[in-house]
Amino acid sequence: MIVAQAILTQLANFGVKKIYGLVGDHIFQLVHELSDCPHHTFYPVRHEETASLMASAQAKLTGEIGVCLATGGPGAVHLLNGVADAYKDKVPLLAITGQEATKDLGTEKKQVINQTSLFAGITCFSEQIVHQQATGDVLARALSEAIANSLPAHIVIPKDILSQPYTGQIFASSPYLNTLPQSPPEVIKDAAARLSQAKAPVILVGKGGTVDSQEIMQLAEKWQAPVVLTSVAKAMFHHDHPLVLGGIGDGGSEAATNIMNRADVVLAIGANWWPEKYLSTNLTIIQLDSNPISLATNNPIAFGLVGDIRSMVEQLTKLIKKSAPKGWIEEVNKERANWLELINQELAQAGTPCPPASIIDGLNKTVASDAILTLDVGDHFVWFNRLFQGSGQTVLLSGKWRTLGFGLPAALVAKCHYPDKQVVALVGDGGFVMTMADFITAVKLNLPITVVVVNNKSFAMEQNKMVSQGFTPFATQLTNPDFKLFAESCGGVGYTVSDSHELEETLQRALATNKPCIVDVHTDTTPPPKPK
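Here this note's numbering runs 3 ahead of the position in the sequence shown, where the first position is 1.
Read the hints as simulated data drawn from the structure, not as lab findings. Owing to the predicted nature of the structure, the values given are computational and were not obtained by experimental measurement. There's no promise every hint is true.
[To be verified] Mimicking DMTMM-like on lysine to aspartate or glutamate, the simulated pairs with C-alpha atoms at most 20 Å apart in a straight line are:
1) 324 <-> 218
2) 468 <-> 527
3) 321 <-> 218
Modelling step: build the complete structure from the supplied sequences, incorporating the hints.
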């Protein structure tokens, strides 16, 4: 076989089935081999940033390594944003970039740049293949490092090497790469004893706990502990459960903030973010995570557990001896009732243009309970964190990188993996325009996603922050295209909504459309309330 074939065979051995990328002359041979490769599906996009964001979103959605492919020079540079997103959110990704021929390395040849240095700061491994017989070793190491460390890796391949014969080894994936460390039973018993002493307990759930929502709620019921959610966990836990207090952070629930400030013990499950600026400093934090590195990233913790989250939650539920006093649950119920009254008033807002809260109300009324929701960054994200009433949905977002443009690529990859599920992207007008060329990709690949564009003709979050800090909100206004006409010109379906009374019906029609669809919702720049 030649090197390009060896690369695809090696990727297949590690379970890679989908590759996202954009063709370029440095990777012609590899794309040629992909054209009839039985092991992989190649998803050609219109911008390399979309490819890397799709690879990152795939890893977040499935836990499997995402792979993106680009030519060298500008193509490689365009991948950086999605690779950084995977790096900050600690998910496995492999970026493969082409390069000019080996004879041109280090010269002034067009598009030659030191790519390994370029990617070094946002990967756990970045190396260039300099001889065809090193292909298997370098690629297997890159894949292994990415999977074992749950971080991005990167390899560079000069274009002349891709067509060279390869006689080296093709490596099998190690079954131990995903092996988790595990706290021993006596440590779990010690944690349960500490939890049993709590008089005002709270459970904080992050991304790592979303797949175990049922088990976590069983623990909450036995321990009589309210559940507070980070943004990525917001939709998975059912809003109508009496122990669920909603989100915390920007735009979060007053009930969640108030109760956490009165708590004496917080059990943080799968949360690698700590809402420090919203909380008092005298909390006892017991943290449970599958990754031991996460135990060192939050406020100083009193006790840490590492291992399979579901298993440890089930063990803690069995071992906890004492639930919280009745007075604590009475406090929780009171705060929750006040919170529900407040958000119901906010959700009832109506008019022209659509109040931001009414957009979330429309989603609450129309989105399926098993839908996948992808979010961009901006005020709409904060409104979602505040008002969305989850019933089991999966949320994909750019957690710690917070890049604009994430919502559409994440929706594409969600539909690729789960074609029978409803996929909705909630995006701002500023963020959507950054990657909207790949709405054409949705049409080309027949991916019937629904993109809800929160159109306030501005970078509203930046505008509101600048005004509040005494700055002139210069350069925050946007001139937007007609998103309905854009959708139709691409071969999709478009709707425009200016009055909130039309919103629910329009969303229902869009979600029932078996084509890629854009719902352009005209709204204003009202900022989300800050938790008091």
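Hinted pair residue 321 and residue 218, Cα distance within 20 Å: Cα-Cα ~11 Å, so holds.
Straight-line alpha-carbon gap residue 468 to residue 527, limit 20 Å: Status holds; Cα separation ~15 Å.
20 Å limit on alpha-carbon distance, applied to hinted pair residue 324 and residue 218: holds, 17 Å
This entry satisfies every hint, going by the numbered hints stated previously.
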